[in-house]
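Engineer: Whenever a hint applies, use it, and build me the whole structure from the sequences.
2 protein chains.
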Amino acid sequence: MTNEEYMQIALDLARQAAQKDEVPIAALIVNPTSGEIIASAANESAHGSDATAHAEIMAIRRACAKLDTTRLWDLDMYVTLEPCTMCAAAISFARIRNLYFGATDEKGGAIISGVKFYEAPTCHHRPNISSGICADECGQLLKDFFKQKR
Amino acid sequence: MTNEEYMQIALDLARQAAQKDEVPIAALIVNPTSGEIIASAANESAHGSDATAHAEIMAIRRACAKLDTTRLWDLDMYVTLEPCTMCAAAISFARIRNLYFGATDEKGGAIISGVKFYEAPTCHHRPNISSGICADECGQLLKDFFKQKR
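Sequence order for the protein chains is A and B.
Quick note on numbering: my numbering labels position 130 of the first sequence as 130, and the sequence is numbered without any gaps.
Quick note on numbering: my numbering labels position 107 of the second sequence as 107, and the sequence is numbered without any gaps.
In short, the hints are calculated from the structure, not lab data.
These numbers were taken from a predicted model, which means no experiment stands behind them.
Be aware that one or more of the hints could be misleading.
Chain copies aren't distinguished; within one or between two, either way the pair holds.
[What the hints assert, rightly or not] Straight-line C-alpha distance at most 25 Å; calculated SDA-like pairs for lysine to any residue:
1) Lys107 <-> Ser34
2) Lys147 <-> His124
3) Lys107 <-> Trp73
4) Lys20 <-> Asp136
5) Lys147 <-> Thr122
6) Lys66 <-> Ser49
7) Lys66 <-> Gly48
Structural biologist: Shown next as structure tokens:
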């Protein structure tokens with residue numbers, strides 16, 4: 001499967017989240033060798049009553065539980081939006097190998113925006129980064145969601 | 001109760017974590033008006049198979065679940081070590097009012113060390129910070145733990 005095909009699966013999850021009134025962001029954790037999707041999640045903060053339940057955190061927690069580990073060596077993450085500071089650090093702790101994301105987030109992102117955590121001396125594992133995958137579609141989904149909320 | 005008395009409770013939890021071979025860091029979430037400890041947690045990463053299960057994240061998740069909210073307005077956190085980048089951002093998302101911490105963490109901290117997240121334009125809620133509470137005791141517990149592991 002191509003990066004765009006994985007991102008389309010994440011986008012479908014994000015659209016389902018929007019229907020439940022959650023901010024439409026979703027993440028997949030993939031084994032790039034087998035192509036298997038190890039874990040997936042959309043944002044669950046509001047309905048889960050958990051300030052930490054961003055899509056990336058939930059996907060990492062599920063993948064760690066499934067594989068009984070805290071280190072997701074050799075696994076990749078696809079996420080529809082540039083990860084925030086919390087998630088950027090969680091992705092580093094989990095040792096994700098390649099991070100693919102869609103839209104950029106100037107207001108809250110922490111990869112190419114904000115604190116740019118992977119460039120900080122206190123970051124001890126840096127995934128490879130590919131951005132802009134299905135970016136317009138990922139960004140438009142968020143814009144439409146917040147427009148409808150106003 | 002004083003800040004030092006709360007920190008001693010956190011230190012007791014951290015010591016219990018060390019006995020289970022978890023990195024001895026612990027956190028409390030307190031209602032400063034009633035004095036009630038709403039939630040508490042030690043680091044659970046290794047035994048919980050969860051890269052995100054730092055003490056602060058676990059305490060936030062428990063407090064959110066208990067109060068059925070994602071916003072811990074007017075609540076304070078006590079934590080034995082300066083929070084990392086992931087936890088600093090989670091504390092901000094959860095709207096913690098006052099953050100009290102013990103030892104500083106130059107290698108991994110994100111409050112007065114590292115990315116200093118609360119000074120970043122992408123941080124949208126900044127708790128008040130008090131550092132150095134029982135700092136020597138908090139730091140020594142970690143030093144002893146890692147010395148024993150070598």
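Engineer: Now tell me if each hint is right for this structure.
Structural biologist: Each hint tested on the structure:
1. Lys107 <-> Ser34: neither (35 Å within a copy, 36 Å between copies)
2. Lys147 <-> His124: between (38 Å within a copy, 21 Å between copies)
3. Lys107 <-> Trp73: So lysine 107 and tryptophan 73 pass the 25 Å test across copies only (22 Å; inside, 30 Å).
4. Lys20 <-> Asp136: Within one copy only: 22 Å inside a chain, 47 Å across chains, cut-off 25 Å.
5. Lys147 <-> Thr122: between (37 Å within a copy, 21 Å between copies)
6. Lys66 <-> Ser49: both (23 Å within a copy, 9 Å between copies)
7. Lys66 <-> Gly48: Answer is both: 20 Å inside a copy and 11 Å across each meet the 25 Å cutoff.
Going down the numbered hints, you'll see the structure goes against just number 1.
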